[in-house]
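Chains S and Z are the protein sequences, given in the same order. Sequential numbering from 30 applies to the first sequence in my numbering. Sequential numbering from 2 applies to the second sequence in my numbering.
Note that these hints are calculated values from the structure, not bench results. For glycine and all other residues, C-beta sits at the position ideal for the given N, C-alpha and C. Some hints could be false.
[Stated by the list, open to error] Derived contacts from chain Z toward chain S, CB cut-off under 8 Å, selection only: (1) V72; (2) G219; (3) F275; (4) K278; (5) P285.
[Said to hold, decoys possible] Pairwise CB distance ranges (calculated): (6) S:Q42 x Z:A81: 44 to 52 Å; (7) S:A176 x Z:P224: 52 to 60 Å; (8) Z:K290 x S:P108: 32 to 40 Å; (9) S:K167 x Z:P224: 47 to 55 Å; (10) Z:M199 x S:E152: 44 to 52 Å.
[To be verified] Among chain Z residues calculated to face chain S with C-beta under 7 Å, some are: (11) N4; (12) L5; (13) G26; (14) I61; (15) G67; (16) G78.
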Amino acid sequence: MKKSLFTMEHARQLTEDTYELVLSGDTSAITAPGQFVNIALPGKFLRRPISICNWTDNALMLLVKVVGEGTKELVRCVPGTELDVLSGLGNGFDMSLAGEHPVLAGGGIGIAPLYGLAQRMLEAGMRPTVALGFRTGKDAFYLEEFASLGSRLLIATEDGSLGTRGFVTDCIRAVPECDYVLSCGPLPMLKAVHALPQLKDGQFSFEARMGCGFGACMGCTVPTKDGYKRVCKDGPILYKEEIVW
Amino acid sequence: MVNLNVSLAGVELKNPIIPASGTFGYGREYAELYDLNILGSFSWKGTTKEARLGNPQPRIAEMTGGMLNAVGLQNPGMDAVLEKEVPNIAKIFQGPVIANIGGFSIDEYVENCRKLEDVEQVKILEVNISCPNVHAGGKNFGCDPKAAAQVTKAVKAATSKPVFMKLTPNVTDISEIARACEDAGADGVCLINTLLGMRIDLKTKRPVIANRTGGVSGPAVFPVALRMVWDVYEAVRIPIIGCGGVSSAEDAAEMMLAGASAVEVGAANLKDPFACKTMVEKLPVVCEKLGVERIADLTGAAHR
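Chain S extracted, bound-state conformation (with noise of 0.2 Å):
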């Protein structure tokens, strides 16, 4: 973990409330896709943790829904503002476990982390299949982004205006030999994504209400199998194993 200051270079709409923003900072301490920041605020108490969904050496992308006033705050910084920023939090994905035929499996804004998932996996070498699953067609977003990347990519929404009518689940249950998921979206998706029969294994990227950010407070722990484990630092990925719905 790291704590610096790191500055807006864009903000960039894509859907009515969701936004691509790209910072310029030290991204050293970030080691795998699927970790997060948490990024203070002025006025705000607490920082607003958020899913990485891409980095180079110096840049940050994110990928933020406006949910309330903090988000909201946060999209509006212009071009220049400066940002206090714990940079590298959590365990993120670990894709030497995905195995020959792994999916990704995102939901709404759940398929931030995804992209840079993805883009790490290809130049592993890897060939991950992408299933992004929206309300409707005018809530998708970064569908090009992801294509152009060249992993197989399945989209679904809910009401058919754009890909398979239905959830994500039902991308993944089109493509059998897909035995092992990498996750990111809502409770009840990754829910759904977990029972599904054909997943041997997988990987599901959990939210919470957080404190600190770094496993300070216990504001964030949830049961596991394995013990009672804290959102921010034992995950936010946990392992299909150890999961308690």
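Assemble the complex: chain S is given as a structure, and chain Z must be docked to it using the hints.
Positioned in the frame of chain S, the structure of chain Z alone reads:
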């Protein structure tokens, strides 16, 4: 050169800055970030006899100027702390440790104190009779002067270490509780624990925190804590650890002027993991501005 040494019931601290219980775990997470030996002490996570899983999620809410928590004394239990955490603390911090002790009965407090008797590095026992987030989690003891005195007396009889009683602000007159602890033999008091509060989510129209209520902490409670430290300083002769919303070296100095001999820093660590380090580094400058050569001279100076 400003002298930052302070003394708590005969225990010498190299400076008055102490991370508060519940915001610093057993030191592990912060030891990855900086050398803990710059700290005066640290108060470890409230530890009960048995392991406790704590309250359901969500446990955290935000507010203007602070936060609420209802962690619910989650901890691995005293035996596990002795086995796994105490040896690690010895590696990451060589100064005096404050052991925060939770309990649900007088017997439990006593047993926990006995178990720490031979732990050399624990120099002070901080007895939590004030957790707002656990049913009967000590709060019942902290709200009644007689009960507070009973715990104090029992614990004092079970240990040779200095005993500081950690007091709740959720009472009509905190001075009365502090006096009862002093009369029962307490070596000091630590105040305040969190203020009981709640938030309601406008989207769901339900309380944000699953436990319904939580403890309020952060800069917003600082004036309340300061006033209580002031009152207790007027009421007792034993040393006070001032705690509540301290976020800067200036706040720490203010807390000492009100009567604190040392200062605990809680929520500030969660927002800025380097908060205590920054305070320790800035204290000499603050003292110079105040014109004091010994920081200990600040204690209670606003009363004179």
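Right, here's what the structure says about each hint:
| no. | hint | in the structure |
| --- | --- | --- |
| 1 | V72 | 5 Å, holds |
| 2 | G219 | 5 Å, holds |
| 3 | F275 | 6 Å, holds |
| 4 | K278 | 11 Å, violated |
| 5 | P285 | 23 Å, violated |
| 6 | S:Q42 x Z:A81: 44 to 52 Å | 50 Å, holds |
| 7 | S:A176 x Z:P224: 52 to 60 Å | 56 Å, holds |
| 8 | Z:K290 x S:P108: 32 to 40 Å | 38 Å, holds |
| 9 | S:K167 x Z:P224: 47 to 55 Å | 49 Å, holds |
| 10 | Z:M199 x S:E152: 44 to 52 Å | 48 Å, holds |
| 11 | N4 | 30 Å, violated |
| 12 | L5 | 24 Å, violated |
| 13 | G26 | 5 Å, holds |
| 14 | I61 | 4 Å, holds |
| 15 | G67 | 5 Å, holds |
| 16 | G78 | 12 Å, violated |
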